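Each protein sequence line maps, in turn, to chains A and B. For the first sequence, the positions run 20 to 136 when the working numbering is used. For the second sequence, the positions run -14 to 225 when the working numbering is used.
Bear in mind the hints are in silico, worked out from the structure with no lab data behind them. On a predicted model such as this, the values are computed, not experimentally measured, just so you know. Just so it is clear, CB atoms sit at the ideal spot from N, CA and C, and this is done for glycine as well. Accuracy of the hints is not assured; some may be wrong.
Simulated restraints on C-beta separations [unchecked claim]:
hint: 1; chain 1: A; residue 1: Ser36; chain 2: B; residue 2: Gly116; range: 21 to 29 Å
hint: 2; chain 1: A; residue 1: Ser36; chain 2: B; residue 2: Arg185; range: 29 to 37 Å
hint: 3; chain 1: A; residue 1: Ser36; chain 2: B; residue 2: Ser117; range: 44 to 52 Å
Just some of the chain B residues that point at chain A, by a computed CB distance under 10 Å [stated by the list, open to error]:
hint: 4; residue: Ala(-7)
hint: 5; residue: Thr(-3)
hint: 6; residue: Leu8
hint: 7; residue: Leu12
hint: 8; residue: Cys14
hint: 9; residue: Arg59
hint: 10; residue: Leu70
hint: 11; residue: Gln93
hint: 12; residue: Arg97
hint: 13; residue: Ser196
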Amino acid sequence: MTSFGEVRGLVSAPDASLIDLVDHVLNKGVSLTGEVVLGIAGVDLVYLRLSALLCAADRLFPRPWEDAGTWPFQHIRARPSARAGLAVAPSAPRRSTGKTTRPGGARRRSRGRARGR
Amino acid sequence: VSALYLYAVVRTGSRRPSSRGLLGERLRCVACGPVAAVVGEVETMPALSARHLRAHDRVVRRLARSAPALLPARFGSLAADEAALRAGLAPRAPGLRRALEEVRGAEQMTLRISGLRAAPRPSRSGARREGSGTEYLVARHARRTAWRRLPGLSRLLAGLRPLVRGQRIEAAESSLVVSVYHLIRRGTAGQYRAAVRRARPLAPALRLACSGPWPAYAFADAFGGADDGSADFASRAGRA
């Protein structure tokens, strides 16, 4: 079983062509069932997919979020996947960035404003 | 206990593969209506590693050299036996057959485009006004379609159009990178790269990274395949 750390090392490798390989070979192509891939990898591939793309960005371009200190994990929470039943890898370290894209978050902020008036 | 590891989908009647799989196993074709799966029988599942990803890609590329139309399989697609393989492919066979026609004689180039920082983003005051579901959805839609407003992107893509047979675009909602997958005629990758170099001045604010040629990974599920409705935006040529 591949550990999360190994996968993170894979997508973080200093090799842009490897990142493209990860994106194409793991994220594209005909698949019989997604669950098989998930079981084999031992990690949530939605997470892996996000990491791959974000790592590709990191290899090619400067990081505008460098000061966030939690790259790339804060982006995972900000973009929940629409793939049914697939959640963010539980072992992914997270730290609150004070931002949320969930409707609930907007609702809470709205209540806060109402109280302040 | 062995299982069938899927490498690619080709037309039924394609030449029997002479190469070996990523674990050295012999390859064979399993027909399922108009399409056939190129598989290898494996005893253990290859671990997810850079070595195996490269090996998988090498096998697919070797197969593509002898098959004018080939849809690569995603790493790690397994079927318990031929019956399970056919059961997995049968519902998709018509779409896969159309996809095979689409990629016949073609290969894929990939462009990673960055420049979203230059695109308009919701202001902080606007974010504070988000109180209703409609406003939330409108703001989210704006983020998802931010890539369309990349300065010069449409000019850049128009400059490449003469070489492009098919196009898919993926832009994650919060990602800074837009991925453009182009289907081009086999053997024209050099012309494509030259066209990218020529078109680059049309979009000076964008940063580009071009890779390829690849087997048509990004087009394998484009036509009735395993579209999972993910949050990514995807489109074909003419709709981008």
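The hints, checked one at a time:
| no. | hint | in the structure |
| --- | --- | --- |
| 1 | Ser36(A) - Gly116(B): 21 to 29 Å | 46 Å, violated |
| 2 | Ser36(A) - Arg185(B): 29 to 37 Å | 20 Å, violated |
| 3 | Ser36(A) - Ser117(B): 44 to 52 Å | 46 Å, holds |
| 4 | Ala(-7) | 8 Å, holds |
| 5 | Thr(-3) | 15 Å, violated |
| 6 | Leu8 | 13 Å, violated |
| 7 | Leu12 | 16 Å, violated |
| 8 | Cys14 | 14 Å, violated |
| 9 | Arg59 | 4 Å, holds |
| 10 | Leu70 | 7 Å, holds |
| 11 | Gln93 | 8 Å, holds |
| 12 | Arg97 | 6 Å, holds |
| 13 | Ser196 | 5 Å, holds |
Violated hints, in rising order: 1, 2, 5, 6, 7 and 8; the structure is consistent with all others.
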